[in-house]
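Model the placement of chain B on the given structure of chain A, informed by the hints.
Protein chains in written order, with our numbering: chain A, 1 to 379; chain B, 1 to 262.
The hints are simulated quantities; they were obtained by calculation from the structure and are not laboratory data.
These numbers were taken from a predicted model, which means no experiment stands behind them.
Only true hints are included.
Under the rule of at most 25 Å between Cα atoms (straight-line distance), these lysine-lysine pairs were calculated in the DSS-like manner:
1. K265(A) - K234(B)
2. K235(B) - K276(A)
3. K198(B) - K4(A)
4. K21(A) - K32(B)
5. K67(B) - K4(A)
6. K234(B) - K253(B)
7. K220(A) - K108(A)
8. K200(B) - K4(A)
9. K16(B) - K261(A)
10. K18(A) - K200(B)
11. K16(B) - K4(A)
Now the in silico label distances, taken between C-beta atoms and shown as ranges:
12. F25(B) - N2(A): 29 to 39 Å
13. D216(B) - T114(A): 45 to 55 Å
14. G164(B) - F3(A): 48 to 58 Å
All C-beta atoms, glycine included, are put in the ideal place defined by N, C-alpha and C.
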Amino acid sequence: MNFKLSTEQLEMREMAMKFAKNEMIPKAQEYDEKEIFPENEFKKAWELGLVNTCIPAEFGGAGFTALDSVVIGEALAYGCMGMNTSFMANDLALLPIVIAGTSEQKEKFLRPFTEEFKIAAFCLTEPGNGSDAAGIKTTIKDGGDHWILNGSKMWITNASKAHQFVVYGTMDPNLKHKGLCAVVVPSDLEGIVMGKKEEKMGHRSSDTRSIQFENVKVPKENMLGKPGEAWSIAMKTLDHSRPLVASSAVGGSQRALDCVKEYSKQRSQFGVPISKHQAIQFMIADIAMKTEASRLLVHKAAWLLDNGERNTEVASYAKAFAADSCMQNTTDAVQIYGGYGYSKEYPVEKLMRDAKLIQIYEGTSQIQRLVIAREVLGK
Amino acid sequence: MNIFVCVKQVPDTETKVQPNADGTFIETTSIKWIMNPYDEFAVEQALLVKADNPGSTVTLVRVGGVKDTEALRTALAMGADDAVLVEADDNLDSYTIAKALKGGIEKAGKQPDIIFAGKQGIDDDALQVPQVLAQMLDLPAVSVIVGYEKSGENISVKREIEGGALEVYEVSTPCVLATNKGINTPRYASLPGIMKAKRKPMQQLTLADVGVSEDDKRLKYSDFKLPPEKPPGKKFDATDEAKQQEVVAEVVKLLREEAKVL
Numbered sequence: 001m002n003f004k005l006s007t008e009q010l011e012m013r014e015m016a017m018k019f020a021k022n023e024m025i026p027k028a029q030e031y032d033e034k035e036i037f038p039e040n041e042f043k044k045a046w047e048l049g050l051v052n053t054c055i056p057a058e059f060g061g062a063g064f065t066a067l068d069s070v071v072i073g074e075a076l077a078y079g080c081m082g083m084n085t086s087f088m089a090n091d092l093a094l095l096p097i098v099i100a101g102t103s104e105q106k107e108k109f110l111r112p113f114t115e116e117f118k119i120a121a122f123c124l125t126e127p128g129n130g131s132d133a134a135g136i137k138t139t140i141k142d143g144g145d146h147w148i149l150n151g152s153k154m155w156i157t158n159a160s161k162a163h164q165f166v167v168y169g170t171m172d173p174n175l176k177h178k179g180l181c182a183v184v185v186p187s188d189l190e191g192i193v194m195g196k197k198e199e200k201m202g203h204r205s206s207d208t209r210s211i212q213f214e215n216v217k218v219p220k221e222n223m224l225g226k227p228g229e230a231w232s233i234a235m236k237t238l239d240h241s242r243p244l245v246a247s248s249a250v251g252g253s254q255r256a257l258d259c260v261k262e263y264s265k266q267r268s269q270f271g272v273p274i275s276k277h278q279a280i281q282f283m284i285a286d287i288a289m290k291t292e293a294s295r296l297l298v299h300k301a302a303w304l305l306d307n308g309e310r311n312t313e314v315a316s317y318a319k320a321f322a323a324d325s326c327m328q329n330t331t332d333a334v335q336i337y338g339g340y341g342y343s344k345e346y347p348v349e350k351l352m353r354d355a356k357l358i359q360i361y362e363g364t365s366q367i368q369r370l371v372i373a374r375e376v377l378g379k
Numbered sequence: 001m002n003i004f005v006c007v008k009q010v011p012d013t014e015t016k017v018q019p020n021a022d023g024t025f026i027e028t029t030s031i032k033w034i035m036n037p038y039d040e041f042a043v044e045q046a047l048l049v050k051a052d053n054p055g056s057t058v059t060l061v062r063v064g065g066v067k068d069t070e071a072l073r074t075a076l077a078m079g080a081d082d083a084v085l086v087e088a089d090d091n092l093d094s095y096t097i098a099k100a101l102k103g104g105i106e107k108a109g110k111q112p113d114i115i116f117a118g119k120q121g122i123d124d125d126a127l128q129v130p131q132v133l134a135q136m137l138d139l140p141a142v143s144v145i146v147g148y149e150k151s152g153e154n155i156s157v158k159r160e161i162e163g164g165a166l167e168v169y170e171v172s173t174p175c176v177l178a179t180n181k182g183i184n185t186p187r188y189a190s191l192p193g194i195m196k197a198k199r200k201p202m203q204q205l206t207l208a209d210v211g212v213s214e215d216d217k218r219l220k221y222s223d224f225k226l227p228p229e230k231p232p233g234k235k236f237d238a239t240d241e242a243k244q245q246e247v248v249a250e251v252v253k254l255l256r257e258e259a260k261v262l
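With the rest of the complex left out, here is chain A:
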């Protein structure tokens, strides 16, 4: 048993935190307000090896472990949860290829991401299907020498910026999860129509849109696994992606904690800094406690993965606990700042808006509880 990160992991965290503080935090508020996509920050992060952490070394990646990637992810989310959503979406869209791709597919669809700065997007959710992923309506039909892709996708992160999509569809909606397929779709294929940019409560710097696929001819060799196998690919992907998404919530919580530590010492009421008031101390203690507990769950979920053990249950603990804690922690941060916390002059209201999404995407906090209950009670 060892709770200590390695020297290298500590250095990675240090470096990623430096990047978050110097490159992300100074831009976060403006990008949020004006909905500016963090193109420059994304590219700089790519140059420094901070993104696409899931690509294995044999296909040009740095060979990071899952634990490495959540350590880095937490630091980037500390800089801005919204920008980190754009960065992280690359990993979400590359993971199915890492998990289910053949060597040729990995060579073709992963390696280019290590050679130049490219953006990817993951397309699962539809206007009528979110949590009920098996109810997908998008169809992938055999068109002879290619697949024909038809349907619409919703809430797609990085949509209009992406060079490559992974799209989930079904051979036949009646087959439910047994009919699911996943294909890699280069963004320059004909028939891909971008919807308008969504105006969101938080994560406003990330580009979120609907996408329409109209008779898109996808090369036969772009299917991941066999037709009908995509459900299990999706489930395995979630085991990897949930700890990563949860790490973003830990970053947000840590930021909230650092903000209230600083503010409560300089804000005075009743003649003393508010940090001397027990009511405030208790809230700060709760934030600190939940942040550390979230981090430990995230690290454990990643550690299990790195050690080849099943992590589905712990990954859901991590995702739900870290996201719910981040929501509570950022809400408390606004409370501690009082009126100033509600103002855009201070950073905590954005943290609160950004935190909300982490309870929703990559499996809502309620879906995580369903997964946990199923694991705990048996099927």
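Leaving out everything else, chain B in the frame of chain A:
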């Protein structure tokens, strides 16, 4: 070219410094160490010179404690090629450090063309080591440089002087150049750089290996203590408009007689 960079490890700028038990230095057990910020400019400049001169190497030399080698690892992760670490206490004086650096450079087994260093360490702020080292090696030295350019066989450097003016020097190599803020923007250590750093060679030496003994120490530290706490400021109540004149007169009087700033 054989480029050397002298790197110092200093307490993080946010450290709350405390004297140690016997008052001979600061308490270092729980300190977070970082690379001296001025040395980051030196490392970056060395890497820029290396990029312009293919086949060059950047060798780091550090004198100090070995429990934590944060500064060297950071610089190796930024792109330096190898390092020499001379194990020593962290409270050596400038003369001893310079002598140990000289020994470390000689032990590296290559003739230096340029030796970079930060203009000062942010811990004791002595601003001496680069010049003392240059003297010991009998090399020209320029400190507080904010500009670097190749000038034929020589190097043209700009150095900042009081009042914001610049002096321009043309220096022959080998030489010692001590960098100031503004000369460049130090790069981040990339993550692949961090992974590679641990495989880069680091030669570890003792002070005896580099010919430094107790007799070389020019300074003996004693009686480290924190500065006396500042007395609390005086507050004046000027909410009552009728009394404002009086309060102002009182403030002016105290500023003149007690604080003696008027």
